[in-house]
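Undergrad: Those protein sequence lines, which keep their order, are chains A and B.
Read in our numbering, the first sequence has 64 at position 62, and its numbers run on one by one without any break.
Read in our numbering, the second sequence has 87 at position 84, and its numbers run on one by one without any break.
Simulated from the structure, these hints should not be mistaken for laboratory data.
Everything hinted at is true.
Derived Cβ-Cβ restraints for the label pairs, each shown as a range:
no.	chain 1	residue 1	chain 2	residue 2	range
1	A	P355	B	A34	35 to 43 Å
2	B	D71	A	D418	41 to 49 Å
3	A	A177	B	A97	35 to 43 Å
Mimicking EDC-like on lysine to aspartate or glutamate, the simulated pairs with C-alpha atoms at most 20 Å apart in a straight line are:
no.	chain 1	residue 1	chain 2	residue 2
4	B	K78	B	E14
5	A	K189	B	D91
6	A	K189	B	E111
7	A	K189	A	E62
8	A	K53	B	D91
9	B	K41	B	D91
10	A	K106	A	D63
11	A	K53	A	D43
12	A	K189	B	D119
13	A	K53	A	E67
14	A	K106	B	D119
15	A	K189	B	E117
For every residue, glycine included, the Cβ atom is placed at its ideal position computed from N, Cα and C.
What follows is the residue order along each chain.
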Amino acid sequence: MGDLGESGVPDVSGEPTGHRSRREADPIAADVALVDVVRADRTRILAGLIKRFGSIDLAEDALQEALVEAARRWPLDGVPPNPPGWLVVTAGRRALDQLRREAKRAGKEANAMHSSGGDGESWPEDPEIADERLRLIFTCCHPALSLTARVGLTLRLVAGLTTAEIAEAFLAEEATMAQRIVRAKRKIAGAGIAYRVPEPHELPARLPAVLAVIYLVFNEGYTASSGDSLVRRDLCDEAIRLGRLLVELMPDEPEALGLLGLLLLQQSRHASRSAPNGELVTLELQDRSQWDGVLVGEGSELVERALRRGSPGPYQLQAAIAAVHAEATSASATDWVQIVGLYTTLARVAPSPVVALNRAVAVGMAEGPEAGLVLLDDLPLDGYHYWPAARAELLVRAGRAAEATAAYDQALSWCDNDVERRFLTRRRELARTSAGAQMGGEVLDRAE
Amino acid sequence: MRYLALIYGNEATMAAPGTPAFGEMLAGYGAFGAEATKQGAMNGGDALLPSTTATTVRVRGGEVLTTDGPYAETKEQLGGYYLLTCPDLDAAIALAALIPGASDGAVEVRPIMEFD
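This is chain B alone, in the form it adopts within the complex (with noise of 0.2 Å):
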């Protein structure tokens, strides 16, 4: 099965890039990557800039409506996702722990539709 990992953090209390702390963020991340690979679970995944650089569209009545920032103004944003292949939950939540994110933030588990 696909799972879409969604990994929700504290803007505020991020590490700035350029800090150590930043530094082994980044290597933690590189470890989930390097993890996910050797299990064959890893189908790509980003990070995201900032959700002060979001725009949130809609269209009503035929007219595109934009707004700044991200969809939910909550304390904690979308940062980043994973694209996931495992057997089952069990596996995508072992692995969704291993997300260094999850660890000061949330990671959100959700199963890909698949249309087959």
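Just chain A, with the same shape it has in the complex (with noise of 0.2 Å):
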């Protein structure tokens, strides 16, 4: 029945002017002009659509048809004077045809052909108009869904990636998260997630459910930037695209200016990170001339306006610690000082067995390894392999060599990545062959 639809629409041009006759075809620009429009209005166009259809189903199918259409016509009929203007009136043809054919399904009317704004509504150009996309990021970010569904929608409907992407850059089968992204969605329409954003006094609730999503997305990048997994590494760039999308549209929120903050100070290491052969190279030993200037400016700077307004939370904090890393010509110029000040106040904002264990480290670092040792006894991180391996590190620093051997051991035993593992192998060696006098306290240069 998949013709039935389009007789019931006298003009399927899916032209909102009626320029046509004055364009000329032109299959490059065609090409660039769609590449851009992508780029630049997908996520709101669809935002926009699932407001008005209320279906995110159906409004990612009808974008779809929409963009096939256009990848169709454009280069025969030139490109429409406004882009996304006409992505939306096509795809809100598509949909409203697709409504037509479930409702002669289901033999009754459909109420959207009748509450909607009808075919000739118009590309909002208002800039005042409230954007979409806050409600798109808010719902796919609700916390009455799993961690995982969360990160996969959002990479699907925001951040416009496919299932197939999303699933090899998190080492996942495409059908498993094909079925977790339907599931999300599913329930989304079946528990009545309302598609909203939060009000002012919802968001200390809500927040942190997107801040969440943005970090992981960010980490499973930061982790697995080995060199050997590009794809992952996109991952890193996606999540500062999604932290900027955030902060666009969230401008006087100081977590979401901390979060990507954080994301572009350590993004400002990332060229340094590891050597050419794909090991991981410690802060300390990282040649600091290769860090991102760029990323650094703009990251302490977004950490510096965040904290302006006085309500520091997890990610102002981490931001500005990474920022105090950043500002330090070398690692022995570090202000460790200050880093333990920082970590204080973030195991008061959000105490977390993690947070004091870099405090323990900053401590060891600021104020001599043993200091560091007695804060880092009894932490309840059993399997955390960054434990033992910071335990370890603070060991060799107090020259401690056996204990640091053993420490390592325990580091290893809990530790499944083989970059890091290669590295903890190569320290505990050093610190076994009693080279440890000369190894330094290293931390480990990762997303906390």
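From the two separate chains plus the hints, produce the assembled complex.
TA: Put into structure tokens, the structure is as follows:
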């Protein structure tokens, strides 16, 4: 019954205006225009369609059909004067066709045919119009969805990745990822997850779920950035794009600013973080001249802008710590006292065993290894390899080589990332052969 | 939308009738009921007798089989429910969070399947 809807639509040209006669066929211009509009406006168009039709699936299918039609028609007819508007109108018609088909099948009238803005709805040019993308982000990142479902949905709907790309990036089967996304969409529809931006009083409960998704995407890419997995490294760029979008949409939200700052500052160390052979280089040994000054500058500025608002949250504080590292011209010039202070605040705002671990390492650097080691005792971090690894580094600095070797063994038994395992094995060898005196206290450069 | 709020709690640690804690709990449920009614969300609800009074029924090969006790023997048992009408899941979650059982046990919020 695929052709039933077509007959009911008098004009399927998808032209909002009707300048067709004045345009000329230009395949290259059409290609460029389509790529541009997808990059700049896809999320906004999709979000608007979801709002209008109340269905993620319907909106996705309709936009896909409109893109296919654009790819077919623009090279022949010329690029329409308002490409995003053309897509909105065409996708809107496709969605209405689909609703009519479903209504016929069900033997009833589709409400959307009467209640929506109609086929001639134009693309809003008014920048004051509330941005639908924010609704889409908050819906994809609703805390009633599991974190993995949120990540999949956000990358698919907001970032525009295909399910295959997402699966590849997360080393998952495509079918598994597809099922996860389908289930999440079903829950949104079935459980009545609203398509709206939370009220200000709801934000403290809702924003962290969004930030966690973006940070998880970044971390997936960052931890895996070993040179041999380019797709996964792209996740860092994708996370930064999402972070920028969130800052654009919520410019007054200090934690959104803090998160983007944190991502940029971590990304600034990207080039120096792994050696040409793919091995990890510790923060202390990194060639700081390779740090990306532009990213450092932008990241630090974001941190300052966020902190000036006077409500420091976990992302702002972590970003501030990254900024202190970035300011130091050499590892030995690092202001560890300031870093201890920031970790102390972080431990108060967002207490966790991992924060306690990082604070202990910073204390070890500021006040000497023994002071740090005391704080490392008895953390509830069984199975977390950074814990014995941090202990090992401080033990080396304290000249306790045998204990350090044992701590590295413990760390190795808990670690399954190959690159990090090779790093730990190298460090263990250095400690064991008592070259440790020259090792210095090194800190694994990792996202926290 | 209609949601069923299923209240699960540990029966072993639940306040016993006649104790001040029991009175507090009742007052808490009273306050919840008033709030849900004020919002126009209340479609009814009940507390259940302990799971030791439950009978589980199965029909196999035309034969009615009964077993003593609840369907699943878990530490936290279903102890009551509310049927709520809310505009969306956020509203249902906000209401469920006000149910006293959410503070010591858990409340499962399930949308009702509507046939329309």
